[in-house]
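Note that the protein sequences, when read in sequence, are chains A and B.
For the first sequence, the tail end lands on 173 under my numbering, and the numbers increase by one without skipping.
For the second sequence, the tail end lands on 703 under my numbering, and the numbers increase by one without skipping.
Some hints here could point you the wrong way.
Claimed, not checked - Below, in silico cross-link-like pairs of lysine to aspartate or glutamate (DMTMM-like), each with a Cα-Cα straight-line distance of 20 Å or less:
| no. | chain 1 | residue 1 | chain 2 | residue 2 |
| --- | --- | --- | --- | --- |
| 1 | B | Lys222 | B | Asp245 |
| 2 | B | Lys125 | A | Asp120 |
| 3 | A | Lys169 | B | Glu120 |
| 4 | A | Lys123 | B | Asp136 |
| 5 | B | Lys88 | A | Glu88 |
| 6 | A | Lys122 | B | Glu117 |
| 7 | B | Lys32 | A | Asp120 |
| 8 | A | Lys169 | B | Asp157 |
| 9 | B | Lys104 | A | Glu166 |
| 10 | B | Lys263 | A | Asp92 |
| 11 | B | Lys90 | A | Asp103 |
Unchecked claim - Partner residues aside, some chain B positions facing chain A, computed with beta carbon under 10 Å:
| no. | residue |
| --- | --- |
| 12 | Val74 |
| 13 | Asn77 |
| 14 | Ile382 |
Honestly, the hints are just simulated from the structure, not real lab data.
Where a beta carbon is used, it is the ideal one built from N, C-alpha and C, also for glycine.
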Amino acid sequence: MAEFSPMMQQYFNVKEQHKDAILFFRIGDFYEMFFEDAKTASRELEITLTGKECGQEERAPMCGIPFHAVDNYVSKLIEKGYKVAICEQLEDPKLTKGMVKRDVIRIVTPGTVIESNMLDEKKNNYIMSVFKRGVYFGIAICDISTGDFYSTKIVENNNFATLLDEIAKFRTS
Amino acid sequence: MKLQNFGPAELIVNSFLYSSEEEINEIRKKFKVYINNFDDGNFKDDKDTLLQNYNLLYDDKTIKNLDNYELETVAINGLLAYLNQTQKMKLDHINHIKFYNLQKYMALDIAARRNLELLERQHDKGKRGTLLWVLDKTSTSMGGRMIRKWISEPLVDVTEINNRLEAVGELKDNSILRGELQENLKRVYDIERLVGKLAYGNSNGREMNALKNSLMQIPNIKNLISTSNSELLKQLEKNLDACEDIAKLIESSIVEDPPITVKEGGVIKTGYNSEVDEYRKASTEGKTWLLELEQREKETTGIKNLKVGFNKVFGYYIEVTKSNLSLVPSTYIRKQTLTNGERYITEELNELESKILGAEEKLINLEYELFIEIRNTVAQNIKRLQATANIVATLDVLASLAIVAEDMNYVCPIVDNSGEIDIKEGRHPVIEKMIDSGTFVSNDTYLNKEEDRLSIITGPNMAGKSTYMRQVALITLMAQIGSFVPASYAKIGVVDKIFTRVGASDDLSMGQSTFMVEMMEVATILKEATSNSLIILDEIGRGTSTYDGLSIAWAVVEHITDKTKCGAKTLFATHYHELTELESKIEGVKNYSIAVKEKGEDIIFLRKIIPGGTDESYGIHVAKLAGVPQAVVKRSNEILRTLERKSMLGQKKAENKKQPEGQLDFYNYKLAEIAHEIDKINLNEITPIDALTTLMKIKEKMQ
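Given only the sequences and the hints, what does the whole structure look like? Please build it.
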């Protein structure tokens, strides 16, 4: 079996770390998605699915979006319940010999949105962590667009019902 | 494209919770939320890092020792780890963590939040027609978010509530102060989210100006409330930091109308940095400078025909003709010899040259550097800016409540720990706003922890029972938010929880039968309600057969009124007028009904709650109102009369008062037996499934 192209190998290394997110892989003026990510993104974003040479016989499924439109596409995917990992070129290609260094600089998730076009200005956007031990719960809640951060625990009776009530309280809608 | 259907948008859970399938499924079913099964290694119990890096607050006290906050610590560390791994940068705006105790707030379960339509309407998820819609007159986004939080978290501490009420009262009474405060608030942008962008290093010049323009309103706001008498307003005024230094820094450094990008220059104001000024001058006024230099050199050297020129090889030079070479000062450096003269450069000319030539590029770079420097300086003050934002938001919410109180003619409730709810001429805050003004029929309410614990409200359907009960719950909740209330007088002894069992439920669409949902909600209420709670029960037992329903309703009333088991204040609407008998059997039960006016065969619902029960359900009248054909209505009346003559219900009326206590005699023997069985059920222990099974057995017996 033929080797994957060096760029594809770099892609796999990054993708390996971010399996649960759709990886936006920056190549020049575009963010490109490959394989399963490409299939998902092309379906959800209604963009053309094409292919890219990757050193194999078959071309890798691929789709791409121009970098300046990234906010729009990211928010669409978040809205549909996906996470998006943004992988940037960390070096200037003009000054680099060989492969440009790339890495993920931020993962956008439904609870960690800061782009104002995705936020309702009169609503908080909360992310909540729940730690269960025995029948007790520790809770932490944050809105990273404002920095609000709260925490409490549930150690009373009927703990799970109380947990549901707390989740309901921090609804954004 | 907003994330309105998520919420909280995302959950991070440890593997133990994630593997508790029943619980996770329940969460998924109730909330449209992204759930992460986050590696357990992230949920550390490291207290030191938290204590070092964050300002940990419990209400107003700072936490010095985390020993009693172990569960919180682990959850916080988990969340911070997740933020770290996704954001991949230090988030300076997340700097203080507020611990809260669930007992600090009125408990509202999901059903109550939904039924009372606090933030969204049940059917269309909209804001119109909610309590938020009535109370939100905020001027800023920050206030808009805070008023949601206040509505979601009514207080139980009497002092805290009264502090808010006092502040609202002062703003309500002083219309000039209120108006001017609002004018100033309207010019304040979203400082909280501007600060968030600052922390992310994303702010551009326009956002810096938005921050500055917001801060410039603060001295006015501080001044406006400086003569306040209310404790809360005084305290807010005292702590309000106008951040004038930050406003001044931005004002002095950033142009009025900066571009969106920060990397293309045009951001830094002239006069802020001499280097920028020179670069800018250099690119525009380069020629003037050279003329100035030429003039100066002519004067100092005395060479009248000295001139400054430029060529591509040597750049700028000073040219002196042969006849004047003797006058050339020693500071001139010779560059080029011509047939009729010499060309020189000087240090000054050199500097000027590099300024002019590289000016544009250097200007852009320097402006960017300076902008980052200014942004970083402002970012060092994030905590101060956040504290200011918080106070502005609080003032905005208080002003909003004052505006609503004034516009809607609300009264300041007396809030205490008396355990009484005494409302005179109460109105439903939402409905009175939706219908023509003045047409809403007000109603009194009296509940306490002794003789008036449970009101049984009978009356025809559609006569306003549900509206009335929601109104009592909403008035109580509003008072505990710190809002004035729609009534002519209100005394509200704080309640710890409000429960509602009202109308149909959204869960219907998920395959549970109405009755099952209803019983699950009743089960929760019976388990959780205390003597300090307020319970609203609307037509419980309607989802099953008459006898089942009546029996359950009866047993529920008995349980709730039992002080050893519950003793909560309760409004209980029912169309089982048999339940009115309970007034004479159980201490603390009072009968009320909806007044109707009969006009021959017709009736008019007056929507007025009056003491005393009713023994007619008016169902047939409702049928008539709804347009059921005359013949059917007439036939219904005939059947009803026949039934009444024959029925056990008729017997009951004649006999029940003579029966000894404790003997359930309102039906035949079989029914009494069933009632006894229901009585045996310990509702504290029975699961919803068992409840259903028991009910099935009971139904079998009926056949």
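Quiz item: If you check each hint against the structure, which ones fail?
Solution: none
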